[in-house]
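Based on the provided sequences and hints, a complete structural model is requested.
Listed below, chain by chain, are the residues.
There are 2 protein chains.
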Amino acid sequence: MNKKLIYMDNAASSRLDERVLEAMKPYYFDTYAVATSEFAYTLGILSREGLDEARKKIALKLGGTEEELIFTSGSTESSNLAIKGVVKAKQKEGNHIIVSKIEDFPVLNSTKALEREGLKVTYLDVDKDGIIDLEQLKESIDKNTILISIQHANQEIGTIQDIKAISEISQDKNILFHTDATHVFTRLPINVRKIPVDLVTISAHTLNGPRGIGALYIKKDTPIKKHMDGGFQENNMRAGVENIPGAVGFAKAVELVVKEETDKIKNIRDNLIDKILKEVPDTDLNGHRIKRIPQNANITFHYVEGESITLHLDMNGIAVSTGSACFSRSLEASHVILGIGGDHEQAHGSVRFTFGRFNDMNEVNTVVKVISDVVKRLREISPLYKKNKE
Amino acid sequence: MNKKLIYMDNAASSRLDERVLEAMKPYYFDTYAVATSEFAYTLGILSREGLDEARKKIALKLGGTEEELIFTSGSTESSNLAIKGVVKAKQKEGNHIIVSKIEDFPVLNSTKALEREGLKVTYLDVDKDGIIDLEQLKESIDKNTILISIQHANQEIGTIQDIKAISEISQDKNILFHTDATHVFTRLPINVRKIPVDLVTISAHTLNGPRGIGALYIKKDTPIKKHMDGGFQENNMRAGVENIPGAVGFAKAVELVVKEETDKIKNIRDNLIDKILKEVPDTDLNGHRIKRIPQNANITFHYVEGESITLHLDMNGIAVSTGSACFSRSLEASHVILGIGGDHEQAHGSVRFTFGRFNDMNEVNTVVKVISDVVKRLREISPLYKKNKE
Numbered sequence: 001m002n003k004k005l006i007y008m009d010n011a012a013s014s015r016l017d018e019r020v021l022e023a024m025k026p027y028y029f030d031t032y033a034v035a036t037s038e039f040a041y042t043l044g045i046l047s048r049e050g051l052d053e054a055r056k057k058i059a060l061k062l063g064g065t066e067e068e069l070i071f072t073s074g075s076t077e078s079s080n081l082a083i084k085g086v087v088k089a090k091q092k093e094g095n096h097i098i099v100s101k102i103e104d105f106p107v108l109n110s111t112k113a114l115e116r117e118g119l120k121v122t123y124l125d126v127d128k129d130g131i132i133d134l135e136q137l138k139e140s141i142d143k144n145t146i147l148i149s150i151q152h153a154n155q156e157i158g159t160i161q162d163i164k165a166i167s168e169i170s171q172d173k174n175i176l177f178h179t180d181a182t183h184v185f186t187r188l189p190i191n192v193r194k195i196p197v198d199l200v201t202i203s204a205h206t207l208n209g210p211r212g213i214g215a216l217y218i219k220k221d222t223p224i225k226k227h228m229d230g231g232f233q234e235n236n237m238r239a240g241v242e243n244i245p246g247a248v249g250f251a252k253a254v255e256l257v258v259k260e261e262t263d264k265i266k267n268i269r270d271n272l273i274d275k276i277l278k279e280v281p282d283t284d285l286n287g288h289r290i291k292r293i294p295q296n297a298n299i300t301f302h303y304v305e306g307e308s309i310t311l312h313l314d315m316n317g318i319a320v321s322t323g324s325a326c327f328s329r330s331l332e333a334s335h336v337i338l339g340i341g342g343d344h345e346q347a348h349g350s351v352r353f354t355f356g357r358f359n360d361m362n363e364v365n366t367v368v369k370v371i372s373d374v375v376k377r378l379r380e381i382s383p384l385y386k387k388n389k390e
Numbered sequence: 001m002n003k004k005l006i007y008m009d010n011a012a013s014s015r016l017d018e019r020v021l022e023a024m025k026p027y028y029f030d031t032y033a034v035a036t037s038e039f040a041y042t043l044g045i046l047s048r049e050g051l052d053e054a055r056k057k058i059a060l061k062l063g064g065t066e067e068e069l070i071f072t073s074g075s076t077e078s079s080n081l082a083i084k085g086v087v088k089a090k091q092k093e094g095n096h097i098i099v100s101k102i103e104d105f106p107v108l109n110s111t112k113a114l115e116r117e118g119l120k121v122t123y124l125d126v127d128k129d130g131i132i133d134l135e136q137l138k139e140s141i142d143k144n145t146i147l148i149s150i151q152h153a154n155q156e157i158g159t160i161q162d163i164k165a166i167s168e169i170s171q172d173k174n175i176l177f178h179t180d181a182t183h184v185f186t187r188l189p190i191n192v193r194k195i196p197v198d199l200v201t202i203s204a205h206t207l208n209g210p211r212g213i214g215a216l217y218i219k220k221d222t223p224i225k226k227h228m229d230g231g232f233q234e235n236n237m238r239a240g241v242e243n244i245p246g247a248v249g250f251a252k253a254v255e256l257v258v259k260e261e262t263d264k265i266k267n268i269r270d271n272l273i274d275k276i277l278k279e280v281p282d283t284d285l286n287g288h289r290i291k292r293i294p295q296n297a298n299i300t301f302h303y304v305e306g307e308s309i310t311l312h313l314d315m316n317g318i319a320v321s322t323g324s325a326c327f328s329r330s331l332e333a334s335h336v337i338l339g340i341g342g343d344h345e346q347a348h349g350s351v352r353f354t355f356g357r358f359n360d361m362n363e364v365n366t367v368v369k370v371i372s373d374v375v376k377r378l379r380e381i382s383p384l385y386k387k388n389k390e
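Protein sequences appear in the order of chains A and B.
So that you can map any letter, position 163 of the first sequence is 163 in our numbering, and since no number is skipped, the others follow by simple counting.
So that you can map any letter, position 269 of the second sequence is 269 in our numbering, and since no number is skipped, the others follow by simple counting.
Hints in this document: simulated from the structure, not taken from any laboratory.
Bear in mind that the values here come from a model prediction, so they are computed numbers and not experimental data.
Be aware that one or more of the hints could be misleading.
[To be verified] Computed Cβ-Cβ distance ranges for the label pairs, DEER-style: (1) D162(A) x K173(B): 54 to 60 Å; (2) K128(B) x K143(A): 54 to 60 Å; (3) E390(B) x T222(A): 51 to 57 Å; (4) T65(A) x Y123(B): 34 to 40 Å; (5) F29(A) x N271(B): 22 to 28 Å; (6) K88(A) x D221(B): 29 to 35 Å.
[Claimed, not checked] Pulled from the structure, derived: some chain A residues nowhere near chain B, Cβ distances all over 10 Å: (7) K57; (8) T65; (9) G94; (10) D133; (11) L137; (12) I141; (13) I146; (14) D162; (15) D221; (16) K259; (17) L277; (18) H288; (19) R377.
Backbone N, C-alpha and C fix where the C-beta goes; we use that ideal spot for every residue, glycine too.
Laid out in structure tokens, this is it:
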């Protein structure tokens with residue numbers, strides 16, 4: 001582990017930025033009281049001010065107000081709260097919700113859990129790029145529909161949905177709209193005033209911020225019930241002693257993402273996609289070429305296993321992912337690649353690249369060269385490749 | 001804020017220990033991959049090893065195995081998972097659970113939420129020291145009882161329950177037993193092999209560990225359903241990208257608590273109790289004098305408001321609490337003090353002291369002197385005091 005490693009996987013955006021830790025330290029070592037001790041207690045008030053300032057900064061970045069932002073333990077909890085909380089609050093009004101087939105697991109497995117309790121769920125198809133059909137969305141809405149939950153961008157293939165159009169449909173039909181913006185927040189503009197969304201899931205761990213802290217934007221007056229019972233924290237929407245250092249670190253991580261950096265990341269990413277598609281034969285980009293978050297690339301290398309590529313890149317000090325970050329332990333094929341019409345071969349041959357603050361353009365040449373060699377060697381021993389090329 | 005502050009409130013145990021942060025740093029800055037990327041990915045494996053080592057250390061301290069410990073975002077989530085998860089898993093077997101009246105809010109408000117969905121809950125009375133009646137517990141059990149959830153020690157008055165006796169009753173009747181050990185863990189021995197408990201809630205934030213990380217011990221084969229849906233982390237019991245720095249910090253915080261330190265804390269606490277009861281007239285200790293966690297004192301100063309005492313101590317650079325940490329924002333009387341038979345006057349006149357690693361014996365004399373003066377002055381202007389003393 002002496003040579004410099006190249007991170008082009010989730011770790012590219014999950015390394016903590018030193019400046020984030022510096023911002024957190026005062027809340028670990030100086031102002032470490034519990035925020036809710038509000039009366040007559042200077043340290044508690046200072047803690048609360050730190051928490052509220054963090055809340056305000058993050059809410060502003062979304063176009064919301066501090067009253068509309070609830071801290072959680074991460075995007076998983078945020079999406080659980082959004083979906084289960086709305087379903088519970090609106091159970092007398094209807095029992096149908098609409099999601100896409102390629103949502104991330106917090107949304108998808110929350111709906112599956114609720115289905116076992118009687119909720120009706122429509123799983124919208126997506127096209128070959130991963131984009132939902134707005135007509136199918138409209139047609140799926142009935143008088144029992146209480147919530148639409150469509151991700152802002154996909155966790156594996158990076159495809160961005162038309163949030164504006166979905167928002168208009170939901171507004172028109174008076175149905176609540178939740179979006180999981182975990183992979184979009186700060187990298188692309190989101191403004192809930194310009195494009196109305198009722199609930200937005202975000203997290204710090206994809207922004208070189210701390211683990212274990214996320215948030216849910218909840219538009220004022222949205223009917224929702226809490227998921228975690230206990231104390232009266234977070235405007236009585238989420239119990240538990242507040243993770244103030246985490247919240248302050250989250251706000252700092254948000255502040256540190258600037259457009260110039262995102263442009264740089266996008267350039268690196270584009271360069272990698274172009275070079276691989278040009279220099280490595282039998283490759284395809286998964287997801288939309290343009291409507292795509294700047295930090296993601298997902299490429300299928302036909303006739304080889306993504307796992308084998310990952311292994312060989314790892315031996316060369318290069319980290320990339322297969323399938324979904326949460327799921328790559330399992331050898332099940334990605335539901336996203338299957339969702340965009342890929343077969344199991346395509347799903348197993350796909351490799352996901354994630355780019356972040358610490359990547360640079362020089363790494364691209366190294367990675368393309370190594371991957372080109374690795375794929376060539378793997379194909380030489382691939383029966384599938386031989387069969388197809390004979 | 002130039003003079004040294006004296007923390008005798010929850011902050012006494014919530015300041016992060018520098019050694020904990022040092023233990024966390026490698027997982028922020030070096031080994032920061034997502035743990036679940038298990039195949040073919042060195043950094044993911046190193047992350048997982050760090051996580052599992054932390055899990056093992058904490059499980060061992062409880063007398064359990066690493067397969068039996070699930071990381072959560074804190075004790076609130078742990079208790080929510082324990083109660084809601086068991087109720088869901090055993091809903092076909094029964095719909096009755098038993099808790100004490102003086103449980104902490106995560107337990108109490110979880111049961112209240114479930115009552116609204118049809119669960120039957122028995123709230124056991126406690127005696128003047130806060131101890132449950134074991135006969136009442138036995139009598140409350142019926143064929144529908146699926147869970148007993150009694151705290152190991154109380155969050156406000158520090159009283160320790162007879163966990164051994166409760167465990168024997170639960171074993172005898174074949175009913176699951178959950179205990180919230182947030183305020184006991186590491187300060188007093190707990191061993192789930194010696195005293196069988198099925199589920200144990202613990203947290204790092206009371207051990208000078210990081211915020212936002214806790215755990216639930218779940219005895220092997222305990223029927224329980226997950227509360228947070230999403231990825232397959234934590235043995236498929238708790239979804240969400242793992243907070244590895246938090247887990248590692250939690251384990252370090254556990255390691256740093258040693259018996260000598262706890263003895264020192266107990267001495268400081270005892271000294272404070274004895275001096276106040278002796279030097280300040282019309283005072284009572286709340287909770288059991290002996291069966292009490294080492295770090296807690298809770299004293300009623302009759303004829304004055306706890307809030308006023310807190311305010312005046314704060315002006316003198318001394319931090320103490322009133323009521324419960326989660327609740328002191330509200331002016332509602334503590335359900336714990338009311339539970340032990342106190343009236344509203346007693347509840348409002350109670351002050352809670354929490355002691356930790358950074359307290360020393362010299363602070364006791366300062367605090368007793370200040371508090372003695374403050375209470376004297378407050379009584380001089382208290383109509384209630386005059387009325388009672390006339």
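Provide an ascending list of the numbers of those earlier hints which the structure does not satisfy.
none
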